[in-house]
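Residue numbers (UniProt numbering), protein chains in the order written: chain A, 1 to 270; chain B, 1 to 270.
Bear in mind the hints are in silico, worked out from the structure with no lab data behind them. Hints may contain errors.
Derived lysine-lysine pairs resembling DSBU-like cross-links, with alpha carbons at most 30 Å apart [what the hints assert, rightly or not]:
(1) A/238 / B/26
(2) B/243 / B/261
(3) B/238 / A/198
(4) A/243 / B/198
(5) A/243 / B/261
(6) A/261 / B/198
(7) B/198 / A/238
Have a look at the derived ranges for each label pair, beta carbon to beta carbon [claimed, not checked]:
(8) B/138 / A/222: 50 to 60 Å
(9) A/170 / B/235: 46 to 56 Å
(10) A/165 / B/11: 16 to 26 Å
(11) B/256 / A/112: 51 to 61 Å
(12) A/44 / B/168: 38 to 48 Å
(13) A/165 / B/256: 18 to 28 Å
(14) B/223 / A/32: 51 to 61 Å
(15) A/137 / B/150: 54 to 64 Å
(16) A/115 / B/254: 35 to 45 Å
(17) A/60 / B/254: 32 to 42 Å
(18) B/235 / A/164: 51 to 61 Å
(19) A/8 / B/223: 53 to 63 Å
(20) A/246 / B/11: 50 to 60 Å
(21) A/112 / B/210: 29 to 39 Å
Don't be surprised by glycine CBs; every beta carbon is placed ideally from N, CA and C.
Number of protein chains: 2
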Amino acid sequence: MDQVNSSNSLTIAIVGFGNFGQFLAKAFVQAGHRVIGHSRTNYEAIARQLGCGFETSADALMDLHNPDIVVLSTSILSTEEVLRRFPTAKLRSCLVVDVLSVKVYARELMLRYAPEEADILATHPMFGPESGRGSWRGLPFVFERTRVRQHERCEAFLSIFRERGCTLIEMPCQEHDHYAASTQFITHTTGRMLAELKIASTPINTRGFEALLAVVETTVRDSFDLYYGLYRFNPNAKQELEKMQRALEQVRAQLEAYDRKCREAEARSA
Amino acid sequence: MDQVNSSNSLTIAIVGFGNFGQFLAKAFVQAGHRVIGHSRTNYEAIARQLGCGFETSADALMDLHNPDIVVLSTSILSTEEVLRRFPTAKLRSCLVVDVLSVKVYARELMLRYAPEEADILATHPMFGPESGRGSWRGLPFVFERTRVRQHERCEAFLSIFRERGCTLIEMPCQEHDHYAASTQFITHTTGRMLAELKIASTPINTRGFEALLAVVETTVRDSFDLYYGLYRFNPNAKQELEKMQRALEQVRAQLEAYDRKCREAEARSA
Numbered sequence: 001m002d003q004v005n006s007s008n009s010l011t012i013a014i015v016g017f018g019n020f021g022q023f024l025a026k027a028f029v030q031a032g033h034r035v036i037g038h039s040r041t042n043y044e045a046i047a048r049q050l051g052c053g054f055e056t057s058a059d060a061l062m063d064l065h066n067p068d069i070v071v072l073s074t075s076i077l078s079t080e081e082v083l084r085r086f087p088t089a090k091l092r093s094c095l096v097v098d099v100l101s102v103k104v105y106a107r108e109l110m111l112r113y114a115p116e117e118a119d120i121l122a123t124h125p126m127f128g129p130e131s132g133r134g135s136w137r138g139l140p141f142v143f144e145r146t147r148v149r150q151h152e153r154c155e156a157f158l159s160i161f162r163e164r165g166c167t168l169i170e171m172p173c174q175e176h177d178h179y180a181a182s183t184q185f186i187t188h189t190t191g192r193m194l195a196e197l198k199i200a201s202t203p204i205n206t207r208g209f210e211a212l213l214a215v216v217e218t219t220v221r222d223s224f225d226l227y228y229g230l231y232r233f234n235p236n237a238k239q240e241l242e243k244m245q246r247a248l249e250q251v252r253a254q255l256e257a258y259d260r261k262c263r264e265a266e267a268r269s270a
Numbered sequence: 001m002d003q004v005n006s007s008n009s010l011t012i013a014i015v016g017f018g019n020f021g022q023f024l025a026k027a028f029v030q031a032g033h034r035v036i037g038h039s040r041t042n043y044e045a046i047a048r049q050l051g052c053g054f055e056t057s058a059d060a061l062m063d064l065h066n067p068d069i070v071v072l073s074t075s076i077l078s079t080e081e082v083l084r085r086f087p088t089a090k091l092r093s094c095l096v097v098d099v100l101s102v103k104v105y106a107r108e109l110m111l112r113y114a115p116e117e118a119d120i121l122a123t124h125p126m127f128g129p130e131s132g133r134g135s136w137r138g139l140p141f142v143f144e145r146t147r148v149r150q151h152e153r154c155e156a157f158l159s160i161f162r163e164r165g166c167t168l169i170e171m172p173c174q175e176h177d178h179y180a181a182s183t184q185f186i187t188h189t190t191g192r193m194l195a196e197l198k199i200a201s202t203p204i205n206t207r208g209f210e211a212l213l214a215v216v217e218t219t220v221r222d223s224f225d226l227y228y229g230l231y232r233f234n235p236n237a238k239q240e241l242e243k244m245q246r247a248l249e250q251v252r253a254q255l256e257a258y259d260r261k262c263r264e265a266e267a268r269s270a
């Protein structure tokens, strides 16, 4: 992009170079930054196509490239293990950023494993390769400046999302998890319940039903690991699941009570 | 409308002149037909505004206006009672049409109460004053020619919906109810479950969650009587409700089984 000159260019390491890591890499490269992917799986060819470097060794990643920013784009389930085997002492001069869908847990891991000198930014880009395929305009990017001393570097990172049109929402991790349980987790659970029911298009779909079909399609495209991560590592999720079960029982109880009332009235008037 | 001349003009009685009956009346008048509303509640002023006649007496409706077509736009719950107190012998020369959201039950009522000489058309316009506010283009209109001998009259009625752009779907009542239970009833139940949960917009809605909010809004706008009608008079609905509860239990069981597996693996590797 024209407005980025080499002096503003950051070196960004992406730890975890799956679908989402690659999706971020593309945007970072387009914003004029130097990007190096890292994964134990060799994604070198894909990285080259995206205009990134690649390292399978975390030591090489840190020693050879000296990144300004290290983005953890690992799955919720694998993040702790990745951090445990990472040469975390080498993160000393970095801004460590996560992009996990649960935030209190991710923040705890970063605070536990990153050295005290490292800056920490907890983020949740609430979109992915599918929903962010065309444009990122209006898509929510939630973040908490967990521990930021080098503000300019952090702002340069945030501006990548701002300049692509995301709606940046600064919010404590705890608040994120509270909202996410009552929105994202409920959406995933509804989608998985309806997928379990095997709902399918018919010749007589209503618009509401078509909206549900779209929710199912989006939900099942995400991995069960992600869903399990939302359940296990969002402290509010378990309760939301119980509430959903109770709500469905409640709807059924309302129908049955009304049914008894109507039938009694009918019997009296017959 | 220009293309309708008085010789094609039908006299259509609308029995039940609530929200939906008025919505239909407007379209019938616009198509160039003579419309008379009927309800025990006096809606004469509204009818006049819509360009319709109005009768609170069913005998007057039939004797004074001699309608070609009688449309039952009553609620599912009240239809049998309305037919029971209707001078049904006077339907002899009519096409009797219902617009109920359950079809096997509606067909049975019409076959039971209308005289053998009357024609019967079972329909389900799958939209309402809200979803059909702007245009009816592409909106599904399901129908079964239950007993039609005067084909031209029936076609003239169907063409009102065809000319407004509805997608006409001819389908046996049984097939309609089968599909409707696995689409419309599931949509209503999902909407009511989520309404019971009190889901609400947050600063971090995903698109999937916004789709669910829209489903809730549409669902709760319909009456509980309609929802109960779908439950009671669609023979497949009860089973679908049980399946939804089992599906949600299944999702929870999957999470709990996966949780045990993960925690055991973690304990072993610790």
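Against the structure, the hints:
1. A/238 / B/26: violated (50 Å)
2. B/243 / B/261: holds (26 Å)
3. B/238 / A/198: holds (17 Å)
4. A/243 / B/198: Holds, at about 10 Å.
5. A/243 / B/261: The given pair, whose Cα atoms are some 25 Å apart, holds under the 30 Å limit.
6. A/261 / B/198: Holds, at about 26 Å.
7. B/198 / A/238: holds (17 Å)
8. B/138 / A/222: 50 to 60 Å: Since residue 138 of chain B and residue 222 of chain A have Cβ atoms about 30 Å apart, the given range 50 to 60 Å is violated.
9. A/170 / B/235: 46 to 56 Å: holds (53 Å)
10. A/165 / B/11: 16 to 26 Å: violated (57 Å)
11. B/256 / A/112: 51 to 61 Å: At roughly 27 Å between Cβ atoms, residue 112 of chain A and residue 256 of chain B fall outside 51 to 61 Å, so the hint is violated.
12. A/44 / B/168: 38 to 48 Å: The hinted range 38 to 48 Å is violated for residue 44 of chain A and residue 168 of chain B, with Cβ atoms some 57 Å apart.
13. A/165 / B/256: 18 to 28 Å: The hinted range 18 to 28 Å is violated for residue 165 of chain A and residue 256 of chain B, with Cβ atoms some 40 Å apart.
14. B/223 / A/32: 51 to 61 Å: holds (57 Å)
15. A/137 / B/150: 54 to 64 Å: holds (57 Å)
16. A/115 / B/254: 35 to 45 Å: Since the Cβ atoms of residue 115 of chain A and residue 254 of chain B sit about 38 Å apart, the hinted range of 35 to 45 Å holds.
17. A/60 / B/254: 32 to 42 Å: holds (39 Å)
18. B/235 / A/164: 51 to 61 Å: With Cβ atoms ~52 Å apart, the hint holds.
19. A/8 / B/223: 53 to 63 Å: Holds - the Cβ-Cβ distance for residue 8 of chain A and residue 223 of chain B, about 60 Å, lies within 53 to 63 Å.
20. A/246 / B/11: 50 to 60 Å: The hint (50 to 60 Å, Cβ to Cβ) holds, given that residue 246 of chain A and residue 11 of chain B are roughly 52 Å apart.
21. A/112 / B/210: 29 to 39 Å: holds (35 Å)
Of the numbered hints stated above, those contradicted by the structure are hints 1, 8, 10, 11, 12 and 13, listed in ascending order.
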